[in-house]
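Colleague: If you read the protein sequences in the order shown, they are chains D and G.
Note that this note's numbering gives residue 153 to position 153 of the first sequence, counting from 1, and the numbers run on in steps of one.
Note that this note's numbering gives residue 77 to position 77 of the second sequence, counting from 1, and the numbers run on in steps of one.
Hints are computed from structural coordinates only; laboratory data are not their basis.
Please note that a few of the clues may not be correct.
[Claimed, not checked] Restricting the straight-line Cα-Cα distance to at most 30 Å, the calculated cross-link-like pairs of lysine-lysine (DSSO-like) are:
1. G:K148 x G:K251
2. D:K205 x G:K132
3. D:K205 x G:K228
4. G:K88 x G:K228
5. G:K88 x D:K205
6. G:K251 x D:K248
7. D:K248 x G:K228
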Amino acid sequence: MRWLVTTLLVIAMFCFGVGVYHAAGLLKASHAGVQRPTQVSAPSLPGTMYLVQGGAIYRLRNGQFTQITADDGWVQVAVNAAGSQLAAVERHTNYSDLYLLSTGGRVIAQLTHNGPGSRPENNHWSFYPRFSPDGSTLFYDYDPKDPFNTYRVDLAIYSSPSNPGSSSSVKWTEPNQYTGGDVDPQPLSAGSLVYSKFSIDTSFKVASQVWFQARPGSAGVALTDPADGCGQPAVSHDGTMIAMVCTKGSNQTSELDVATFDPTARSLGSITTLVPSGTMASPTFSPDGKTIAYLAPAVAGGSFQLWTVAPAPGSSPRELTTDLGLDSLSAPAWAA
Amino acid sequence: MPRVWIVVVGFVLAGLTGLGAYFAPLFQTAASSTTSSVPGAIQDLNPVQAPTQPFTVLLLGSDDDSKFPPDRINTQSMILVRVDPVSKQATMLSIPRDLWVQIPGQGMGKISTAYQTGGPDAAINAVESNFKVHIDDYVWIGLNGLVKLINQLGGVDVQVTNPVMDDYYPADLSSTGNPYDYYRVAVLPGATHLDGVHALEYVRSRHGDIRGDFARSERQQQLLLAIKAEASHLNIADLPTIAAAFNGEVKTSISLDRLRQLMAVAGSFNGSNIHRVVLVPPYTSEGFAAGQDVVFPDWNQILPLVHQSFP
Chain D
1 MRWLVTTLLV
11 IAMFCFGVGV
21 YHAAGLLKAS
31 HAGVQRPTQV
41 SAPSLPGTMY
51 LVQGGAIYRL
61 RNGQFTQITA
71 DDGWVQVAVN
81 AAGSQLAAVE
91 RHTNYSDLYL
101 LSTGGRVIAQ
111 LTHNGPGSRP
121 ENNHWSFYPR
131 FSPDGSTLFY
141 DYDPKDPFNT
151 YRVDLAIYSS
161 PSNPGSSSSV
171 KWTEPNQYTG
181 GDVDPQPLSA
191 GSLVYSKFSI
201 DTSFKVASQV
211 WFQARPGSAG
221 VALTDPADGC
231 GQPAVSHDGT
241 MIAMVCTKGS
251 NQTSELDVAT
261 FDPTARSLGS
271 ITTLVPSGTM
281 ASPTFSPDGK
291 TIAYLAPAVA
301 GGSFQLWTVA
311 PAPGSSPREL
321 TTDLGLDSLS
331 APAWAA
Chain G
1 MPRVWIVVVG
11 FVLAGLTGLG
21 AYFAPLFQTA
31 ASSTTSSVPG
41 AIQDLNPVQA
51 PTQPFTVLLL
61 GSDDDSKFPP
71 DRINTQSMIL
81 VRVDPVSKQA
91 TMLSIPRDLW
101 VQIPGQGMGK
111 ISTAYQTGGP
121 DAAINAVESN
131 FKVHIDDYVW
141 IGLNGLVKLI
151 NQLGGVDVQV
161 TNPVMDDYYP
171 ADLSSTGNPY
181 DYYRVAVLPG
191 ATHLDGVHAL
201 EYVRSRHGDI
211 RGDFARSERQ
221 QQLLLAIKAE
231 ASHLNIADLP
241 TIAAAFNGEV
251 KTSISLDRLR
261 QLMAVAGSFN
271 GSNIHRVVLV
281 PPYTSEGFAA
291 GQDVVFPDWN
301 QILPLVHQSF
311 P
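This is chain G alone, in the form it adopts within the complex (with noise of 0.2 Å):
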């Protein structure tokens, strides 16, 4: 081989090698994706296809503190997503985290608790037996990743429709100190753009509020179009350093591919095409079961109202 050969193919290598380097941590976060569907790498950085299908996705969040061992985490939110690309459509179904319903082959319980069985494979069983849909991936994230997420993503902006004021908020973020330590957060009505930590206060606060756990359900749904709109200014080349933050606090069952494929779609979404639903009173009714406060679902209401949006 001529040397003036030898010599370009040692500039492409290095730079190949400088590109990978850069898209490392990217890779290493989808191989530690928990599905096979993770493709190779560089038709990664190939154009896509936006989606022509729709698709249903269950996002789950979970107080995943030192309070909870690894094994005994509970899902404190569950959200479905179902998105019609060609419609250009999509809903948002907040499911309560004291809903009392069949987790299979656990008997009744709180839906939050199938997670703990079976991790995610049962969280989307549990869903899918009692709402009678179809999940095709589901994303989960845990307290810090979600936090480091918006704040790779520079912060998000909310429209913070009443004062949220929590005297008993966890302080269960730091690796140190006690994790039943409980501090003060107000966060104050109107526009505000809030860094990760303070976004966080904001879906979890729930005990100066009536409407307690449907108003975090409200604000989660709510949070997500934030991230969605910040999400929308970025491109792939943004993908590795927030990929290097989550660091095992997501996990998911979307490859590379069908991510591109999302960001793809995510900005033809706004708030006028998502349509958001919160089984608030009467499709849900507080009570007690088992020595503890659960969520009653009336199936004959929610049913109709589930299939409407996910068909």
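Extracted from the complex, chain D is given alone in its bound form (with noise of 0.2 Å):
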């Protein structure tokens, strides 16, 4: 009886250990934890919006996220204006290629062919798919080669019809040398683009700009001053607002900011501050205009969230998800 007894003190001292150890590991600071869309819902919205995390496109409509792809490389979807096709990107090592999708998720048809390459090199990227507003031109990003320097890198935006059978493509802008190029096509319904654009100068400063341009190859005109690092522009689907990043020169913080807008002058009216300092990422309207929404952490450091907000001063922003992990570079595509 007597070794009975000290053998279970012994096992319960044991175990007593093991769940010190344990409970050491609970004083950990929990980083919050990021789940699939799949297992949580949101605040219902109008229309249909498709985002993007892990490598998979989902679709959420009325408040519930449907995985519409495998966890495959895919990023940055872009829905047309009627909301009945989708374009999106698909990410490998050394390249990546544009894809037409149905709204399920099937592919359509493969768009562009720019790897496996021999050598790394020899490779293309295709990134930031968009629809022209009566949905017949696809606007994208590519790295055309410098035959003078295998070193530079910089994407420049192109467009194509997006009738899959159709191979031709236009050049659109060109981008400042050893920038990393211009990004973020937004074309407009008169056939003109909106973009950002890069700069670095003598002093080695960056600047980021919302850029405005009237035809493939025409000069442009910037939208925005240089030292406002304003970049990832969104077009109301009226073309009448712009909202956009704005980091006003810090690369640790930015801001949500709104403005009017005007094709004819080429210019913006005076801009809005929506929501003052966070880490702001890749705005998109609502199909009527009257929400954007957009991608930011709760807190410095956290993943990125959907949130909304209404394109007006004073507005409050909402935060529609809470432990999601969204991929902040492929901004929300939200049709009617």
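Build the complex: two chains, separate frames, hints provided.
Modeller: Structure, rendered in structure tokens:
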């Protein structure tokens, strides 16, 4: 009996020690766990939104997420204005390609064939697909090779008919060399383009500006000041407002701004700050122009969540998700 | 001794053993630090007082992949950090890896090669003698150490200012395969969350940027602030997991007590009170010396700048 009690006590002490070990682990600062969108719900939004997490595209409709592609390197989904077709990028090591997809995630056509090349530098990137307002043209980024310097890789904006049978393409922009190039194409209904352009001055200071261009190859016009550091423009469906992320010279924080836009005068109205300080990314207008969706962490260093805010001064941001690590460089694609 | 006390002592010992096992990786890492200033174990769990005196730390980062024999490692990144806990001001000064300087006991050379000949002490001597500053401590980290640190933190958020494109990024992290292989990197602009490997790509890429190594220096400082932001969420219970992950990929002269002191003040600093300096032209100029591309310092401009922040 005595040996039995002793044995039980020793076992209890061992279990206590193991328990203390695990209890110490529980004191660790908890990093907010990231869940799959299909494991959560969100407040209902008008229309249908497409978002990206972990290389998969998810559809948000009536507050419910549905995964429509496999976790297979999918990023940067876009939807046409009719809401009937998607374009997205499938990213691989050394290259990426554009695809046309159904709204259910089925591949309709592979639009580019950028790799795999025999050597890494022989491949190409394609990013940022965006449908023109009438859906007939697809704008996107592509990295043309510089025959005089293999180190130079600057993205330029191109357009092609969104009909998969067509292989013609038009180069729209000429990026400043060794800046990484022009990004974020936003086609306008008049056939013109808004996008982000980068420059580096002689003191090696990087500036990002929202740029307007009337037609392919034409001289563009800067819509924002270099000191404002604005980029990631989103144009409302009626073409009268531009939402954008502005860093104001910081590479730690950014703000979400909105301004009226006059494409005829090629200028912005006064800029209103909607969300003053944080880590803002990838704004998108709702189809009716009454709401802006964007991605940002709730706290510094947190994972990116879906937020909405009205494009008016004094509006309060609304956090729609709390535990999704959404791909912040894949702007929400929002259709009616 | 009454039996009941024997049982109590047994449970206390079992609990201490569990606690010791949990924190063992931390103490093992401390024991492998390169100075003898590592204090005993138990007192490190006591509350600490935040430091009150300014201190300067030299941060060193090396490509320690299989291209380089362990005794022939350079420092690809050198960042001098001065923290004033009272004024709540900090300065980060990035030293160009190709800076052409007098290396004590070695002659003229790139400052990145000082570490190769004498480890952290030689790197510290080279910085102290050229920049006329006093360095209290150092931290050295290798490629895998940085990746593991960031992964243990759950990744970092950074604001990418412009596309970071590199068609010749070294594929040297894998222990197998050819360390001279390379692959393409495209880090797109905007706020983004990066895991360890992608964060390393972000701070090492240089071929597609007109600013070359200066752009890397700027991004390295940015990453340090992002790591600080993530680390501010940590507490002492997180340290063993991080220490276990390092597995020799981090060397430091900072003791456990000192580390806890630094963690205590880290929350006081954010982007607005951290002054960042990169020695771009006109402080430096690119040139050619001893058959290699180098960066020449203009000490007449650098030293006044340094003495403002590192008095």
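Colleague: Does each hint hold? Answer for all of them.
Modeller: Against the structure, the hints:
1. G:K148 x G:K251: holds, 14 Å
2. D:K205 x G:K132: Given pair D:K205, G:K132 holds - Cα atoms ~28 Å apart, limit 30 Å.
3. D:K205 x G:K228: holds, 24 Å
4. G:K88 x G:K228: holds, 15 Å
5. G:K88 x D:K205: Holds, because 26 Å separates the two Cα atoms, which is no more than 30 Å.
6. G:K251 x D:K248: Violated: G:K251 and D:K248 sit about 37 Å apart, past 30 Å.
7. D:K248 x G:K228: holds, 22 Å
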